[in-house]
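Participant: Residue numbers (our numbering): 3 to 716.
Keep in mind that a hint or two might mislead.
Label pairs and their calculated CB-CB ranges [unchecked claim]:
{"hint": "1", "residue 1": "346", "residue 2": "464", "range": "53 to 61 angstroms"}
{"hint": "2", "residue 1": "480", "residue 2": "607", "range": "33 to 41 angstroms"}
{"hint": "3", "residue 1": "395", "residue 2": "343", "range": "31 to 39 angstroms"}
{"hint": "4", "residue 1": "452", "residue 2": "259", "range": "42 to 50 angstroms"}
{"hint": "5", "residue 1": "354", "residue 2": "490", "range": "41 to 49 angstroms"}
{"hint": "6", "residue 1": "378", "residue 2": "319", "range": "42 to 50 angstroms"}
{"hint": "7", "residue 1": "290", "residue 2": "395", "range": "13 to 21 angstroms"}
{"hint": "8", "residue 1": "343", "residue 2": "700", "range": "47 to 55 angstroms"}
{"hint": "9", "residue 1": "335", "residue 2": "294", "range": "17 to 25 angstroms"}
{"hint": "10", "residue 1": "452", "residue 2": "491", "range": "14 to 22 angstroms"}
{"hint": "11", "residue 1": "377", "residue 2": "312", "range": "33 to 41 angstroms"}
{"hint": "12", "residue 1": "336", "residue 2": "463", "range": "36 to 44 angstroms"}
Calculated from the structure, these hints are not laboratory results.
Note that the structure is predicted; figures quoted are calculated from it, not measured.
Even for Gly, the Cβ is constructed at its ideal location relative to N, Cα and C.
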Amino acid sequence: MLKCRTAWRKLAPLARASSTLCRQNVRRTGLHNGRIPAAHMATGPTGGGRENQVYALLVGVTCLGGAIYAYRTVKGDKRRYLERIEEISSRPHKRTEEATASVHVEATATEAIETEAVPKPEPEVAPSSEEPSPPVPDAETATSSETTEPLQDEPVLEAAPEEAPAAPLVDEEPSPPSEPGPAEQTEPIPPPVAESEPALAESPAPEPSEPQAEVAAESAAGLVPAQPSPMLPSHVPYLLIGGGTASFAAARSIRARDPGARVLIVTDEPDLPYMRPPLSKELWFSDDPAVTDTLRFKQWNGKERSIYFQPSSFYIPPEELSNAENGGVAVLTGKKVVHMDVRGNKVKLDDDTEVSYDKCLIATGGVPRNLQVIDRAEEEVKKRTTLFRKIEDFRSLDKVSRNIKSITVIGGGFLGSELACALGRRSQDSGLEVIQMFPERGNMGKVLPEYLSNWTTDKVKKEGVKVISEALVKSVTCKDDQLEIKLKDGRSVKTDHIVAAVGLEPNVDLAKSAGLEVDSDFGGYRVNAELQARSNIWVAGDAACFYDIRLGRRRVEHHDHAVVSGRLAGENMTGANKPYWHQSMFWSDLGPDVGYEAIGIVDSSLPTVGVFAKATAKDTPKAATEESGTGIRSESETEDVASNAVASSAPAPAVTQKDDFGKGVIFYLRDKVVVGIILWNVFNRMPIARKIIKDGEEHADLNEVAKLFNIHED
Numbered sequence: 003m004l005k006c007r008t009a010w011r012k013l014a015p016l017a018r019a020s021s022t023l024c025r026q027n028v029r030r031t032g033l034h035n036g037r038i039p040a041a042h043m044a045t046g047p048t049g050g051g052r053e054n055q056v057y058a059l060l061v062g063v064t065c066l067g068g069a070i071y072a073y074r075t076v077k078g079d080k081r082r083y084l085e086r087i088e089e090i091s092s093r094p095h096k097r098t099e100e101a102t103a104s105v106h107v108e109a110t111a112t113e114a115i116e117t118e119a120v121p122k123p124e125p126e127v128a129p130s131s132e133e134p135s136p137p138v139p140d141a142e143t144a145t146s147s148e149t150t151e152p153l154q155d156e157p158v159l160e161a162a163p164e165e166a167p168a169a170p171l172v173d174e175e176p177s178p179p180s181e182p183g184p185a186e187q188t189e190p191i192p193p194p195v196a197e198s199e200p201a202l203a204e205s206p207a208p209e210p211s212e213p214q215a216e217v218a219a220e221s222a223a224g225l226v227p228a229q230p231s232p233m234l235p236s237h238v239p240y241l242l243i244g245g246g247t248a249s250f251a252a253a254r255s256i257r258a259r260d261p262g263a264r265v266l267i268v269t270d271e272p273d274l275p276y277m278r279p280p281l282s283k284e285l286w287f288s289d290d291p292a293v294t295d296t297l298r299f300k301q302w303n304g305k306e307r308s309i310y311f312q313p314s315s316f317y318i319p320p321e322e323l324s325n326a327e328n329g330g331v332a333v334l335t336g337k338k339v340v341h342m343d344v345r346g347n348k349v350k351l352d353d354d355t356e357v358s359y360d361k362c363l364i365a366t367g368g369v370p371r372n373l374q375v376i377d378r379a380e381e382e383v384k385k386r387t388t389l390f391r392k393i394e395d396f397r398s399l400d401k402v403s404r405n406i407k408s409i410t411v412i413g414g415g416f417l418g419s420e421l422a423c424a425l426g427r428r429s430q431d432s433g434l435e436v437i438q439m440f441p442e443r444g445n446m447g448k449v450l451p452e453y454l455s456n457w458t459t460d461k462v463k464k465e466g467v468k469v470i471s472e473a474l475v476k477s478v479t480c481k482d483d484q485l486e487i488k489l490k491d492g493r494s495v496k497t498d499h500i501v502a503a504v505g506l507e508p509n510v511d512l513a514k515s516a517g518l519e520v521d522s523d524f525g526g527y528r529v530n531a532e533l534q535a536r537s538n539i540w541v542a543g544d545a546a547c548f549y550d551i552r553l554g555r556r557r558v559e560h561h562d563h564a565v566v567s568g569r570l571a572g573e574n575m576t577g578a579n580k581p582y583w584h585q586s587m588f589w590s591d592l593g594p595d596v597g598y599e600a601i602g603i604v605d606s607s608l609p610t611v612g613v614f615a616k617a618t619a620k621d622t623p624k625a626a627t628e629e630s631g632t633g634i635r636s637e638s639e640t641e642d643v644a645s646n647a648v649a650s651s652a653p654a655p656a657v658t659q660k661d662d663f664g665k666g667v668i669f670y671l672r673d674k675v676v677v678g679i680i681l682w683n684v685f686n687r688m689p690i691a692r693k694i695i696k697d698g699e700e701h702a703d704l705n706e707v708a709k710l711f712n713i714h715e716d
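Given the sequences, and given the hints that come with them, work out the whole structure.
Facilitator: Okay, structure coming up:
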């Protein structure tokens, strides 16, 4: 081949000169005669054709040489290709575990530096030419930094998806797609694989025959995690983000309508789904010293139960979800969804694992707010502040309250009042000083009318709590191993620990990546009456700003709403398409003797009408639960119960005094229509209140409406 090239270099100038002279003669003859002659292509006298013969000979030799060169190149490529395949096929499928295995591994690793890992070839693919081909993501980039000379003579085959895990990119040449031997499993991992080959990253599982969905989930980021836990399915039909009440209610509803459904709950908490209300209520009144470990408590009715909705045996491991014959519910704890791809129907977790879905529920709840003065305070102040929300917060506060002398609860709402009463009851035995401060004039000032708020404040004081009203915090500092809270009116309070119970902020971290709308007035994800935010995406619980077909757009932060909205979202995820008409209720207990249940819009700025009667021994939360046999009063009744209510025949109540607020009904009005109701120490009558709000009628005499609740019967 070298001789052909040398001859061509010598003859090429002559050929070019001959061709140039031929063209000049033709042009010159055409100008003189007005036409192009049919012959006379020689450079010499007429009849001299030796130069033309030489030119034709050169062209023929060149064509023949090119053909021979191409034939030999193709034949050589084919020979080397067949030798390469024969060499790979001759290797043993399993290497022995004897002492010689280490030597064999070193020899194989040396060979891998000089050769390229080739997946299982297809016989129909022809070998490529010697000219470099364009880069191919499946083979070119991975070997460019490892090989010492190009191996363009080998064909590049695109591995099928089912073959990818069988041919991982490692330092040694891959064996046929069979189970790897021990020597292969123990070889070191090479430098990071190029980003163009995430699907071929080495699986940490020792068996290459593991389900391909799990391998894809682990290598979604292109890098193999050190200790993947657990091996998740890459796709689930139902994905529920958040591990609270709404998610559990949705999972139970989905399984009820689709018994074979596979449901995956992802929660950033380390615990299985549990109910939050007992964290600020019954758990504090338990006599069990190990209650923080067992999380079991006695309800007001005397029955014992766990804070968890279901034991761990109720759920199946996440890694077994794809293969569960009858489906099931799996909970992935300690993981957070950080990104949503709405168009691709998939999410990314905080460990870069990706999971796709058919239907998705966002039930991320909320995060407790903090005071800005505490956020800006020194680190020691933050360490001595509890934002109460989760199980770990309950355990931490329980431990702290047993080892300090003073604790201050900032906030006069539901949570702050419940914790103040619970800690106050404990202080009677331990000597703990409990202080509650809030900016309103009285306890629950934003919810209860002023006269009832003042009465409630006195009740909290009787529980052993020091109440400071109209308190606006100016600063918090740490001095002499104590926290000093300075108020804007000049007052100062010293304490050992602070519990900030100043509200909840809906968790809408996924709104940006998912392109979901956040309501500017109420916060939370804006959804329609079916609790749907986008196609295949629903929102339930505290994070949902829904359209109430009776009261307009709202956002509710209570247990019953989480139960009902989660249940409805689960039904709609299975095709029910039901609107959210239910009026959820909420309740609060100031100890075992005083409690109330509420529904609708209960805002102290609205006009209210209260009808009260003298309370009896059975008009307490404890007595009510003992009589009904229920422990959690938010289990929603159906409307059919309310339709059968009969008004009491007892006479209308007389005007009550302040000390007679034993039990009663408070109506909240908007445009003379009842939009909210509080049942004060009146229990198991919520269906009646729900029907009154749903009817949306004006009432001339609310005393007559109060008779429906039978508050005047002994």
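Participant: Run every hint past the structure and note whether it holds.
Facilitator: These are the hints, each one checked on the structure:
no. : hint                          : result
1   : 346 x 464: 53 to 61 angstroms : 58 angstroms, holds
2   : 480 x 607: 33 to 41 angstroms : 37 angstroms, holds
3   : 395 x 343: 31 to 39 angstroms : 33 angstroms, holds
4   : 452 x 259: 42 to 50 angstroms : 47 angstroms, holds
5   : 354 x 490: 41 to 49 angstroms : 47 angstroms, holds
6   : 378 x 319: 42 to 50 angstroms : 44 angstroms, holds
7   : 290 x 395: 13 to 21 angstroms : 19 angstroms, holds
8   : 343 x 700: 47 to 55 angstroms : 50 angstroms, holds
9   : 335 x 294: 17 to 25 angstroms : 19 angstroms, holds
10  : 452 x 491: 14 to 22 angstroms : 20 angstroms, holds
11  : 377 x 312: 33 to 41 angstroms : 37 angstroms, holds
12  : 336 x 463: 36 to 44 angstroms : 42 angstroms, holds
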